Amino acid sequence: MTHERYRAEDQSDPTVRSTSHLFRAYGLLFASSIPVPEMTPVDDDGVGDRRPDVTISLGPTPRHLDQALTYPSGHEANAEQFLLRVADVGQYLVSGGVDIVIDPAPGVTSHELRVFMLGTCLGVLLHQRGFLVLHASGIGTERGAVLFAGNSGAGKSTLLAELLGRGEKMLVDDVCAIHVGAETLPIVVPSYPRTRVWGETAARLSIDTTGLPRTRPQMDKYERQVPEQFWDREAPLLRLYHLAGSNGSELSLTRLGPLEAFHTVLHNTYRKVLLEGLVRQREHFEMVSRAARASTVIRVIRPAETFQLRELADLIMLDLQEG
Amino acid sequence: VPSFAPSTLVSRREHPLTNDLSDTETVMLDIERGTYFGLQHVGKVIWEQLESPTRVADLCGYLLTRFEVDADTCQKEVDYFLAQLLDQGLIEVHDAPSAS
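Residue numbers (the numbering used here), protein chains in the order written: chain A, -9 to 313; chain B, 51 to 150.
If we strip away everything but chain A, and leave its shape as in the complex, we get (with noise of 0.2 angstroms):
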């Protein structure tokens, strides 16, 4: 129904198109009225007859939503909609996975704005277009898809840096999005080709983050391109390590059951706590219910002191290349 309203939208303006920046990201093409250069641009050659899948554009955006379950946060959510609030940022509004329509704030740079658009907005709409969303990091292999998840800071995107100095490539870091079928294996779609790195990382692995802008201003992580090193192609769901905690004597992997994967899966979902507000409870018990079924999932406990992340990445090496 949306898809239709959007259509409609669409063709009472025919310069919608030539207006807009069309990128490739999740499998979707993306038509915006702003750059976005963390995405992976695509000309209208390559688009053929494919209408866009996704729109973003800046104007205003409600007060309030009808009927909406409100955050502490000052965040709204219902069945079609999502209105993000950030100070000093702007708006969002995120409508029946097919629309995002962004009020900035007075004197935001347009990286900060997209730092917000990029995460929960895209995340947001890709619960809303029926995937299960993932806080997690993952290179493609020509075996499947190698998720790592984990809290913010459980060491996702330095155990990527590592593997892609490896010269293994990215399919995902931060957004996950996995395509779970009745049928097959769950179907994890490539992002785009940008990863992010701390600062320390960096000087450890010798990446130089010079001219490369910061996640947000005071922070010491970076943000890096890597389009040479993307797998831009879908893979089936190989392997989901869960990046658990620091409390171990030593580096080990625990092969989990379903309940225990099924709870891993659980608590690495995306902003979980908006399915509620979004009325997605229902599709994602099941689609978690069935990949932790039909997955592989793996914890990693480390030790507290060092992060070990050479050995991490041989242990995990290792364990993919048995079975």
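You may find that some hints are simply not true.
Unchecked claim - Residues on chain B that point at chain A, a partial pick, calculated with CB under 7 angstroms: (1) Leu71; (2) Leu79; (3) Ile81; (4) Gln90.
Think of the hints as simulated: they come from the structure by calculation, not from any bench. Computed from a prediction, not measured in an experiment: that's the story for all the values here. Each residue gets a CB set at the ideal place from its N, CA and C atoms; glycine is no exception.
Model the placement of chain B on the given structure of chain A, informed by the hints.
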């Protein structure tokens, strides 16, 4: 932990969404409260028995035929498990549990 009288009738209070993950593991979502539950092994068997209202004595009797456990231990485990289910609003009891 409250103790349930053998004659207490126990039944599922509502019908949360339920998915079997394996022969021995089940997950549930209570959508109104937004809470998730996992049941395994004996817990899953007990939940299946509660599909229709069941007396605690009958539940324990059934479990004794299924698992190698003595009657005392079984009663204690069942008390503990039912108390959790009651606490989470997943079951209701049709006569008051006796205080012990």
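These are the hints, each one checked on the structure:
no. : hint  : result
1   : Leu71 : holds (4 angstroms)
2   : Leu79 : holds (4 angstroms)
3   : Ile81 : holds (6 angstroms)
4   : Gln90 : holds (6 angstroms)
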